[in-house]
Amino acid sequence: MNALIFSAVSGVIMMFSSFLLNNKNSVRVLAHVLLLATIIANIFELRGISFFHIDTRGMLEFDRFALLFTLVANVCTFAFFLLSSRDLEKIGNHYSDYFSLLFFILAGIVVSSSFKSLLMLFLGIEILSIPLYILTGSDKRNLKSNEASLKYFLMGSFSTGLMLMGIALIYGATGTFQTGITVAEKVPVLLITGMMLLLFSMSFKVSAAPFHFWTPDVYDGAPTVVTSFMATVVKAAGFIAFMRLFAEEFGSIRPEWKLLVGIVAAVTLFIGNITAVFQQSVKRMLAYSSISQAGFMMLAIYSLSNDAKEGLILYAAAYSLATIGIFAVLVRMKDYTFEGFNGFAKQQPFLAGILVVFLLSLAGIPLTAGFLSKFYMLKATIDGGSLALAIFAVLMAAVSVYYYFRLIQSMYFKTGNATISGTTTGFKYTLAALAGITILLGIFPNLLTNWLYF
Amino acid sequence: MIVLLLFLVPLIGGFLSFFIKNDKTVRTWALLTSVITLLISIAGNTFAHSPGQLHFSSSWLGSLGSSFSLQLDGLSQILCLLTAISYPLILVSTWRSSYKTANNFFALMLLTQAGLMGVFLATDALLFYFFWELALVPMYFLCSGWGGERRIPVTFKFFIYTFTASVLMLIGLLYLYFQTPDRSFSLQSFYALKLSNDTQSWVFWLLFLAFAVKMPVFPFHTWQPDTYEQSPTAATMVLSAIMVKMGVYGVIRWVLPVVPIAAYSWGDVVMSLSVIGIIYASIIAIQQDDFKRLIAYSSIAHIGLMSATLFAETKIGYQGVMVQMFNHGINILGLWIIVELIERQFGTRKLSQLGGVAQKAPALAILFVILAFANISLPLTNAFIGEFLMFSGIWSSTVTHYNILFTVLAILSIILAAVYTLTAVQKVLYGPESSITEGTKDIHGNEKMVLWVIVIMVVVFGVYPQPLLRITDGFVDLLLNKINVAHLFVK
Amino acid sequence: MSGFFSKDAILLGAFEHDKFLYVIGVLTAALTAFYMFRLLFITFGGSFRGSEEQRHHIHESPAAMTIPLIVLAVLAIIGGFVGVPEVFMHGGEKLADYLSPVIRPVTEHKVSHSTEMLLMALTTVIAIVAIVIAWMRYRSYKEEQPSAFGKVLENKWYVDELYDSIVVRPVNKLGVFANKYFEKSGIDALVNGVGRMVNYGGRQMRWLQSGQVGSYILLMVISMLMFFVLQFFLRK
Numbered sequence: 001m002n003a004l005i006f007s008a009v010s011g012v013i014m015m016f017s018s019f020l021l022n023n024k025n026s027v028r029v030l031a032h033v034l035l036l037a038t039i040i041a042n043i044f045e046l047r048g049i050s051f052f053h054i055d056t057r058g059m060l061e062f063d064r065f066a067l068l069f070t071l072v073a074n075v076c077t078f079a080f081f082l083l084s085s086r087d088l089e090k091i092g093n094h095y096s097d098y099f100s101l102l103f104f105i106l107a108g109i110v111v112s113s114s115f116k117s118l119l120m121l122f123l124g125i126e127i128l129s130i131p132l133y134i135l136t137g138s139d140k141r142n143l144k145s146n147e148a149s150l151k152y153f154l155m156g157s158f159s160t161g162l163m164l165m166g167i168a169l170i171y172g173a174t175g176t177f178q179t180g181i182t183v184a185e186k187v188p189v190l191l192i193t194g195m196m197l198l199l200f201s202m203s204f205k206v207s208a209a210p211f212h213f214w215t216p217d218v219y220d221g222a223p224t225v226v227t228s229f230m231a232t233v234v235k236a237a238g239f240i241a242f243m244r245l246f247a248e249e250f251g252s253i254r255p256e257w258k259l260l261v262g263i264v265a266a267v268t269l270f271i272g273n274i275t276a277v278f279q280q281s282v283k284r285m286l287a288y289s290s291i292s293q294a295g296f297m298m299l300a301i302y303s304l305s306n307d308a309k310e311g312l313i314l315y316a317a318a319y320s321l322a323t324i325g326i327f328a329v330l331v332r333m334k335d336y337t338f339e340g341f342n343g344f345a346k347q348q349p350f351l352a353g354i355l356v357v358f359l360l361s362l363a364g365i366p367l368t369a370g371f372l373s374k375f376y377m378l379k380a381t382i383d384g385g386s387l388a389l390a391i392f393a394v395l396m397a398a399v400s401v402y403y404y405f406r407l408i409q410s411m412y413f414k415t416g417n418a419t420i421s422g423t424t425t426g427f428k429y430t431l432a433a434l435a436g437i438t439i440l441l442g443i444f445p446n447l448l449t450n451w452l453y454f
Numbered sequence: 001m002i003v004l005l006l007f008l009v010p011l012i013g014g015f016l017s018f019f020i021k022n023d024k025t026v027r028t029w030a031l032l033t034s035v036i037t038l039l040i041s042i043a044g045n046t047f048a049h050s051p052g053q054l055h056f057s058s059s060w061l062g063s064l065g066s067s068f069s070l071q072l073d074g075l076s077q078i079l080c081l082l083t084a085i086s087y088p089l090i091l092v093s094t095w096r097s098s099y100k101t102a103n104n105f106f107a108l109m110l111l112t113q114a115g116l117m118g119v120f121l122a123t124d125a126l127l128f129y130f131f132w133e134l135a136l137v138p139m140y141f142l143c144s145g146w147g148g149e150r151r152i153p154v155t156f157k158f159f160i161y162t163f164t165a166s167v168l169m170l171i172g173l174l175y176l177y178f179q180t181p182d183r184s185f186s187l188q189s190f191y192a193l194k195l196s197n198d199t200q201s202w203v204f205w206l207l208f209l210a211f212a213v214k215m216p217v218f219p220f221h222t223w224q225p226d227t228y229e230q231s232p233t234a235a236t237m238v239l240s241a242i243m244v245k246m247g248v249y250g251v252i253r254w255v256l257p258v259v260p261i262a263a264y265s266w267g268d269v270v271m272s273l274s275v276i277g278i279i280y281a282s283i284i285a286i287q288q289d290d291f292k293r294l295i296a297y298s299s300i301a302h303i304g305l306m307s308a309t310l311f312a313e314t315k316i317g318y319q320g321v322m323v324q325m326f327n328h329g330i331n332i333l334g335l336w337i338i339v340e341l342i343e344r345q346f347g348t349r350k351l352s353q354l355g356g357v358a359q360k361a362p363a364l365a366i367l368f369v370i371l372a373f374a375n376i377s378l379p380l381t382n383a384f385i386g387e388f389l390m391f392s393g394i395w396s397s398t399v400t401h402y403n404i405l406f407t408v409l410a411i412l413s414i415i416l417a418a419v420y421t422l423t424a425v426q427k428v429l430y431g432p433e434s435s436i437t438e439g440t441k442d443i444h445g446n447e448k449m450v451l452w453v454i455v456i457m458v459v460v461f462g463v464y465p466q467p468l469l470r471i472t473d474g475f476v477d478l479l480l481n482k483i484n485v486a487h488l489f490v491k
Numbered sequence: 001m002s003g004f005f006s007k008d009a010i011l012l013g014a015f016e017h018d019k020f021l022y023v024i025g026v027l028t029a030a031l032t033a034f035y036m037f038r039l040l041f042i043t044f045g046g047s048f049r050g051s052e053e054q055r056h057h058i059h060e061s062p063a064a065m066t067i068p069l070i071v072l073a074v075l076a077i078i079g080g081f082v083g084v085p086e087v088f089m090h091g092g093e094k095l096a097d098y099l100s101p102v103i104r105p106v107t108e109h110k111v112s113h114s115t116e117m118l119l120m121a122l123t124t125v126i127a128i129v130a131i132v133i134a135w136m137r138y139r140s141y142k143e144e145q146p147s148a149f150g151k152v153l154e155n156k157w158y159v160d161e162l163y164d165s166i167v168v169r170p171v172n173k174l175g176v177f178a179n180k181y182f183e184k185s186g187i188d189a190l191v192n193g194v195g196r197m198v199n200y201g202g203r204q205m206r207w208l209q210s211g212q213v214g215s216y217i218l219l220m221v222i223s224m225l226m227f228f229v230l231q232f233f234l235r236k
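If you're matching them up, the sequences are chains A, B and C in order.
Residues 1 to 454 (the numbering used here) are what the first sequence spells out, left to right.
Residues 1 to 491 (the numbering used here) are what the second sequence spells out, left to right.
Residues 1 to 236 (the numbering used here) are what the third sequence spells out, left to right.
Looking at chain A on its own, in the form it has when it is part of the complex:
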């Protein structure tokens, strides 16, 4: 509740800040302060101290899982602010608006990760999506950005329609919007159909195949900073909502959807990884990488155990930190292709070293958070009864090494003129801190997962 109120209010404050503050720097500082306040408020709630007591009539429930994820999302957003807020300002003149939109997205994340009613799920997903449509098109004079925004919006509405239809069918079958249904022996067809529609629309939101088609185009077209946020925090939030929905609402009809989710996971892994191999632009590669990582996160939904919960939180953190870090460097590069990174290590040995940590984490090499989060997923999958899916997943992870390491090769082993601008000392230290967290979580994941229990 704390985080929800704080981020919603912060959004409003940021909206008006452009009237009151005409200095870019002060707007930025304000945004940082507000986000920090949100984080602190969230930690308080995680420790059992809630500032607000509002009766949500059981439509929202702030359990530890939701709170912890909100914390992760907020911290990742904070890292994003620290690294990329200056780039956010370069998109256009309405920089305070961008911050306010980001805060609204955070509010949407809170709602969609702590819903107890399907209405709240819908609301949360929409609060989270609509600002994204705007942000995607925020580079007004760029045709690609406009196109991406329109595509995203069109297809997004399509999936919203599916979701609404699904919710309606479920209401028809059960007579309630509250989650946690119990079903009799025979599962009503209406419920199954509703469940499937929700599966499709949620798959769309988290860009799981075969509903991922918007992802590469939109990620590629959107301003790179926005992509960075969209591909990480927002996607992870989608997964939390996905997990919550399937654990609480459809947990009792698990046999009905297990196969479907398994197929979606496998197809996502396959398409994401195989297509990423051929990409020439790092930005597009990261778009496909986000799809392939989504495939791994789908495994959590497939197995729905405690391991899967811990793992999903860890995955969200590991994946977001690494991807935000890589995007933060990418924004500053002159050339977004792999060739553009040739010789990077020679000019920026420090940054290159940090990028290597992030890439290793994404590829799932031990001693990084990325490995352990993948490990959790595999463990949950095998526990959930599908060894074949786990084997398929690791084979695809081996494919992913190919495109992540291509970037390493460009940076370290090829000669060229990688040009990067605007790397301040603070920027480097922030990145180093992210890399540090990545490694720390890779050795002691309990630092994060223990919050679920204590």
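These are computed hints drawn from the structure, not numbers from a lab.
Honestly, I wouldn't trust all of these hints.
Unchecked claim - Using 25 Å as the maximum straight-line C-alpha spacing, the simulated DMTMM-like pairs for lysine to aspartate or glutamate come out as follows:
id, chain 1, residue 1, chain 2, residue 2
1, B, K427, C, E60
2, C, K184, B, E149
3, B, K482, B, D198
4, A, K258, A, D383
Note that the structure is predicted; figures quoted are calculated from it, not measured.
Knowing the structure of chain A, use the given hints to seat chains B and C on it.
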């Protein structure tokens, strides 16, 4: 404590090396670190026998059922000793090679050593996997960063190949974890497992594949000659002297006692592959003109013999494997140094372009010839002890019906080894001088010293192998015990 | 001489065992005598066949070589007495005693002492005859073209060539074949092929990403339909 230091010293030394910018200092530092590691390892082998010194366990990832536990038993001792001895020799013998950004090079070398030590010490499956990758990743950077012309695609293939196999191993380990009653990754729980025959079979392949690629066993070997050829010599030395032993070690530690029935039932297949590999690699070695590739294929043949012996399941054979793991490491190190010296002096590794070196470089010639003899495993060299024990091991094997056939085919490898090794000796040392070898100078200084050390080890362990045998004797008995119990169970 | 007694012991053994072997043994002994003395006569006898220059350089070997030669010669003479047959000296077979822990001593000779003496004499006579032939033929040796049979002998019965064609060359050919076809375009190509397949797959998969919203939605609808079919009709 010793056991922890074995891993920590190279790890910390490696990390610190990143920050030493001066070329000379970082070399000295790396050498110092490796010498300290060697001293610790010797201490672990000689007087530190209390369990407190040889075991270390600390809680780590408790929620995942894994702990940070290391142990120095007979098998670990011999491999840690090999690792510890090899490093100073490698560093001294490549002292004169120049590297761009030397600090990174030596840091990665030491990190690899830490990973290798970890692999040989870990008694927890997850920890083992961590170290397995920790050894691989720095190695990739070493080979790709400082290697030859085609290094980028070649080492990438090496990396993806081994990585793919190792993630499958991870799945295998995870599956075993779920079978343990207490949900634990510890080696002891794995040893206590009683899996059904079918389960054992595919767990066996999941695990064995990773080790087979690493060793490499035919037909998973194609990454190896290219990688050896393209890597910087120091990295090649680590790869061939120590890293391939990770595969052999893995089979002994994590496959044979864990899935003994599968090891028994698939033994014939693996032995056949190994024996085919021995002959196949030897025949191809005869064709090689590049000295590095020749040694690479020769190494495949030698390792093939080890992997065949592993599945013969005889005491004498296992002792041979233990001894030979050490001896092969030492010998191939010597051969690589010879290659390095030749390449540095003449700028080529092509045998056909060399000749007549013996006249002007008698010291090089003598050392080379002794090492060549060791490569053919002539009596009085250390390799003879190991290979002879292994041949007897395969011969006396009771788990396969084809033991005699396997032995005969495997022994062919000695003849073939004589063919390619002596051809190389002849082409390099004798015959007419070529335009390249006209101004041959003899070796001196570091390389000479290292080669003499190696040659002395070759002869000493060839005449008096008991110290090595003693280290592993107890371990071999324990191992056989674990495997044999299963045999009773089969019958 | 040591060679006499040792060879004789072997021949005796052969005689006891198999007469044919004995004949071959004696013949070999004769040939040995022949070629050894041929060597002697050609090297030291006859006229000098080298150049004047070389002739000038001939000298007695240095002490470092002569002394070991003398020692060896002495040993060759007295070495024979470690195994004198019983015919000449009772209890003379010192060597047999010495080796008895290793080799089971032959306790009983099947052959009588007189036969043994006879055989020895025969061998000696044959050897002397061979030496005489060698002396006749080679005492004044001139270089000559070898006869046809001599050529076969000069080429060591062509055994090397035989090995070359049935062992060395096939192994080499096999090696070339294995290296070129099996290794490079077999196993390695298979390994690389997996990588290339992934790459190719990536290239083809790209075409799904057409950029047209309409086709995306079509694809999504088709896959939804497939999921529905799977869920309601195929799943048991």
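These are the hints, each one checked on the structure:
Annotation: proposed proximity of K427/B to E60/C is violated, straight-line Cα distance about 36 Å (limit 25 Å). Proximity of K184/C to E149/B is assessed by CA-CA distance (about 19 Å); at most 25 Å being required, the pair is judged to hold. Distance check on the hinted pair: K482/B and D198/B sit about 19 Å apart at the alpha-carbon level, within 25 Å; holds. Simply put, K258/A and D383/A have alpha-carbon atoms about 14 Å apart, close enough for the 25 Å limit, and the pair holds.
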